[in-house]
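Chemist: Residue numbers (this note's numbering), protein chains in the order written: chain A, 1 to 279; chain B, 1 to 351; chain C, 1 to 296.
Among the hints, a few may not be true.
Said to hold, decoys possible - Straight-line Cα separation of at most 27 Å, DSSO-like style, residue types lysine-lysine; simulated pairs:
#: 1; chain 1: C; residue 1: Lys-106; chain 2: A; residue 2: Lys-262
#: 2; chain 1: C; residue 1: Lys-106; chain 2: A; residue 2: Lys-103
#: 3; chain 1: B; residue 1: Lys-123; chain 2: B; residue 2: Lys-109
#: 4; chain 1: B; residue 1: Lys-123; chain 2: B; residue 2: Lys-170
Honestly, the hints are just simulated from the structure, not real lab data.
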Amino acid sequence: MKRSTIRTVVALAVAMVLLLVWAFPIIWGLITSFKTERDVLAYPPTVVFHPTLSNYWDVLFGATSILPNFTSSIILAGATTVLTMLLAVPAAYALARLALPAKRATGFYVLITQMLPPVGLVIPYYLVFSRIGWLDTYRGLVLIYLTFSLPFAIWLMVSYFEDIPHEMEEAALLDRAGRWRALWHVILPQARGGIAVTLIFVFLNAWNEFLFAVVLGGNTVRPVTVAMFNYISVEQTLWGKLAAAAMIAMLPVILLGLVAQKHIVKGLTVGAVKGGGRR
Amino acid sequence: MSAAGRMSLRNVVKRYGTFTALRGITLDIEPGEFFALLGPSGSGKTTTLRILAGLETVDEGTVMLDDADVTHSEPGERDVAMVFQSYALYPHMTVYDNIAFPLKMVGMKKAEIGAAVRAAAAKVHIDHLLDRRPGQLSGGQQQRCALARAIVRQPRLFLLDEPLSNLDAKLRLETRVELKKLQRSLGVTTAYVTHDQEEAMTIADRLAVFMDGNIVQVGTPETVFARPNSIEVATFLGNPPMNLLPGVLCGRALRVGQHAVALAHDYGSTERPVMLGVRPGAFRIDGAGIPAQVDLTEQLGDSVIADLRVADTLIRVRLPERTRLAEGTQVRVTFDAEDAHLFDPETHARL
Amino acid sequence: MMAQAQVSLAGRERRFALTLFLPAFVVLLITTTFPIVYLIWNSFFRLNLSMPWRSGFAGFGNYVRMAGDARFWHSLELTAIYTVCTVTLQVLLGLGLALLVTRIRKGQALLRVVSILPIVLAPVVVGLFWRTLVLSPDFGVADFATAALGFGHPNWLGDPGLALIAVIAIHTWQWTPFVFMVLLASLASLPPDVYEAARIDRANAWQRFWHITLPLIRPAIVIVVILRMTIALSAFAALFAATGGGPGTATEILNLYAYRMSFNELSLGYGSALAVVLLVITLIVSFLMFSLRRQR
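Could you put together the complete structure from these sequences and hints?
Modeler: Here it is in C-alpha cells:
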C-alpha cells in the first residue's frame with residue numbers, strides 16, 4: 001500500500017524536526033559550556049571551535065565555585081525525600097487499602113493541598129520564619145518543601161497501592177502475620193516499583209525547586225538553582241560558565257532521568273491516568 | 001444489495017517475514033452458503049478470513065468478490081461485515097450507537113438508521129438492551145450486539161472469527177443453532193472460522209480443512225467425514241478421532257496382523273504396506289476378528305468407549321451402552337470393508 | 001460473641017489506619033493549612049516591612065485597592081492568556097506528536113530520552129537557558145535563525161508582546177513532552193480490534209479518530225489539562241529567570257505580581273491579598289475541570 005508508506009515517511013520527517021526542537025537547547029547548552037567567552041560571543045554562532053575545560057574548572061574550583069551549593073542541594077533534597085517517604089508511604093497505604101475514617105474527605109483534603117499556589121505559602125512562611133529565626137535554615141526549608149512533596153507522594157503511592165491485589169493482606173492475616181508485618185513483609189515489597197518511582201520524583205522536584213529557596217534561603221542554604229544567578233549580573237553574563245554551572249547543577253537529575261527512564265514514564269502515566277480518579 | 005456474494009481466492013500467498021502463513025490458497029465460496037474454515041491453530045484459517053476482510057494484504061494471488069477484483073481494496077470498500085472473536089464493540093458507545101455506527105459512517109439518515117437498528121436488534125433478541133454499554137452486557141449479549149452490528153448493513157459477505165469460543169459450553173451449543181437459523185433467514189454468504197471440528201460439521205454447508213497454510217480438502221461435512229483424503233484430515237474430524245492401524249494390502253485382501261478382510265476394490269497384485277483407518281463407531285466385537293486386550297472403558301451413558309490394545313497400537317472403540325468389559329479381557333474386534341479407509345504410510349494420502 | 005469479635009477487628013483496623021495516616025496528616029495540617037489561614041489573615045492588614053509605621057488593620061482595604069488596581073487586572077489578563085495558550089499548545093502538540101509516533105515502532109527509545117530531558121530540568125535553568133542562549137539579542141540562536149530567514153533581529157526580551165510569546169514558548173517547550181508521553185501511553189492502551197471493526201464499518205481515518213480515538217482518550221486528556229492548568233497558574237521559576245516579569249509588567253502574571261509586591265516592594269499585606277485571589281482562582285478552575293471529568 002503506497003498510502004501508508006507515504007504517511008510513515010511524513011510522520012518520520014515531522015518527528016525528526018520536533019525531536020530537534022526538543023533536543024536542541026540542551027545540546028547547545030552543552031556545546032556552549034566548552035567554549036571560551038570569546039567563542040561564545042562569535043557571530044554567527046560557531047559549531048566548530050577549540051574546546052576548553054576552563055569553564056568547568058572555574059565553576060568547580062574557582063572563586064565562584066558551585067560545589068558548596070551542590071552540597072546544599074544534596075542536603076536539602078535528600079532530607080526532603082527521606083522525610084517525605086517516611087510520612088507518605090504509610091499514609092498512602094492507609095488511604096488506599098484500610099478503613100480510614102472519613103476516607104473520602106481526607107482524600108479530598110490531600111488533593112486540595114496539592115493545588116495551593118506556592119507564592120501563597122511562601123509569604124506567610126517568610127513572616128513566621130523571620131520572627132522565629134528559621135530563615136536560611138535547613139529545617140525551615142525542608143518544612144516548606146514538604147508542602148509540595150508530601151501530598152504529591154501520597155497521591156502517587158495511593159495509585160500504586162491500589163494496584164496490588166486485595167487478597168494479599170487477607171492471605172498474610174490468615175498466615176497470622178498481623179497488620180504491621182503484613183505491611184512490611186508482603187505489601188511493601190510488592191510496592192517496591194512504585195516506591196522507587198515516587199522517590200525519584202520527590203527528589204527531582206526538591207532538587208529543582210527555586211521559589212522557596214530564593215525567598216527563604218540565604219548564605220547557608222543556597223541550592224544550585226539559586227546559585228545559577230551567580231553567573232548573571234546587570235553588567236554581563238558569563239555565558240560559558242553559566243552553561244557549565246547549569247550542566248553540573250542538572251547532572252544528578254539528568255542522570256536520574258536517563259537511568260530511570262522507563263520508571264519515570266510509567267510514573268507520569270500512572271499518576272496522570274489513574275491517580276486523582278477514584279475520589 | 002442484489003449482488004450475489006460469491007467470494008473467490010486464487011493462489012493467495014501470505015508471508016510474515018520469513019514465515020509463510022498461506023502457501024497458495026484457492027477457494028470458491030458460493031453465494032448464500034455457510035462456509036466453514038476449519039483447522040488447528042496456526043493453520044492459516046484466520047489469516048484467510050482477514051484477507052477476505054481486507055485487514056491483511058496479500059503477497060501473491062487475487063481476491064474476487066462477484067467478478068470484481070478486490071485484492072487491494074480497503075475493508076470499508078468491500079461491503080463485508082465481520083464479527084471478531086473479541087467482538088470488538090465500541091466500549092464508549094451504547095448498544096444502539098454500536099449497531100448504528102456502520103450506517104452512520106455512510107451517511108444514512110437518522111430516521112432510517114433508527115428503523116434498521118431496531119430491526120437488526122430484534123432479529124438477535126437484544127432490542128431491550130439498546131441503551132446499555134458493552135461493559136454492562138453479558139458475554140452472550142455482547143456477541144449478539146456484534147452480530148447485530150454486522151447484519152444491520154445487509155452486506156454481501158459475513159465473516160465470523162471463532163464467534164462462539166468465548167461462550168460457555170451450553171451457550172455455545174444454543175448459539176450455534178441460532179446462528180445457522182439466522183444465516184438461513186438472511187441468505188447471506190458466510191465464512192466462518194473455527195478450530196472445533198464438531199462445530200464446523202454441524203453448522204456448515206461446506207467446509208475447507210486447513211493444515212500448515214494449505215487447504216487440504218474441501219467439501220460438504222458428510223463427504224469430508226466419509227472420505228477424508230489424508231491421514232491428517234481423517235484424524236482431525238470426528239470425536240474420538242479415527243483409529244490408525246498398520247496393515248498390508250495385496251490385491252483384494254487387507255491383512256492386519258493375522259486377521260484378513262476382503263475389500264470391494266482390487267488394489268493391484270503387488271504387496272504394499274498401508275495405514276488402515278477405522279472410526280471408533282465402525283468397530284464391533286466379533287469372535288472371529290482382530291485380537292485385542294482391554295485397557296480401559298469409559299461409560300458415557302448412551303455408549304461406551306473402550307481403549308483396546310492391538311499388538312502395539314492403542315485403538316478406541318465405541319460400543320453399545322450396556323457393554324461390560326473388565327480390564328485385561330481378551331476380545332476380538334472386526335469392521336466392515338466399506339468402513340476401511342486406506343492411506344499410504346509415506347504420503348499419508350488416501351488410496 | 002461473633003459481633004464483638006467483628007467490632008474489635010474493625011476497630012483494630014481503624015486504629016492501625018489512623019496510626020499510619022496521622023503523622024502525615026498532622027504535618028500537612030501544620031505546613032499547609034495553618035499557613036494559608038495566616039495568609040488570609042494577613043490579607044486583611046497593611047503590612048509594609050520597609051515602612052513599618054504604616055502597618056495596621058485594613059479590613060477589606062487591600063481587596064478594594066485591588067479592584068481599582070490596573071496592574072492587578074493586567075496581571076489577571078496575562079495569567080489567562082498564559083494559561084490558556086500554554087495548555088492548548090501543549091495538548092495540540094503533544095496529541096499531534098503522539099498520534100504521529102504511534103505508527104513508528106523504531107526510534108521510540110530515542111524519543112523517550114529526548115522527551116524526558118526537558119521535564120527533568122529545573123524550570124529556572126530552562127528559563128535561564130532560553131534567556132541567554134536562545135533569545136539573547138545578537139548572540140542567541142533564535143536571533144541567528146530569524147536573521148537567516150530574513151525576519152531581522154526581533155527583541156525577544158525587550159519587546160512586551162514578544163516577551164509574552166517568548167515565555168509562552170518556554171513553558172510549552174518544557175512541558176509538551178509530558179503531555180506527549182501521557183497521551184502516547186493512553187493511545188497505546190487502546191484495543192486494536194476496535195479499529196479493525198471501524199475500518200470494516202467503513203469509517204475513514206478522520207472518522208476513526210473523531211468517533212473512536214478521541215472519545216477513548218478523553219479521560220487522559222482531561223487529567224492532563226487539569227494538571228497542566230494548575231501548574232501554569234503558579235508557574236514561577238522559568239518566568240522569573242527569563243524575564244523577571246518584564247519588560248516592565250509585560251509578562252507579570254498574577255503569581256509574579258504577588259511575589260514582586262511582597263518581596264521587592266515589601267508590601268506583604270497587599271501581596272497576601274493578591275496571593276489569596278490567586279488561590280481562589282486556582283481552586284475554582286480546578287473544581288470546574290473536575291466537574292467536567294464527571295460529566296460522562
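Chemist: Could you run down the list of hints and mark each one as holding or not?
Modeler: Hint check:
1. Lys-106/C x Lys-262/A: holds, 16 Å
2. Lys-106/C x Lys-103/A: Status violated; Cα separation ~45 Å.
3. Lys-123/B x Lys-109/B: holds, 21 Å
4. Lys-123/B x Lys-170/B: Given that 27 Å is the threshold and the Cα spacing comes to 21 Å, the pair holds.
Violated hints amount to a single one, hint 2; each of the other numbered hints is respected by the structure.
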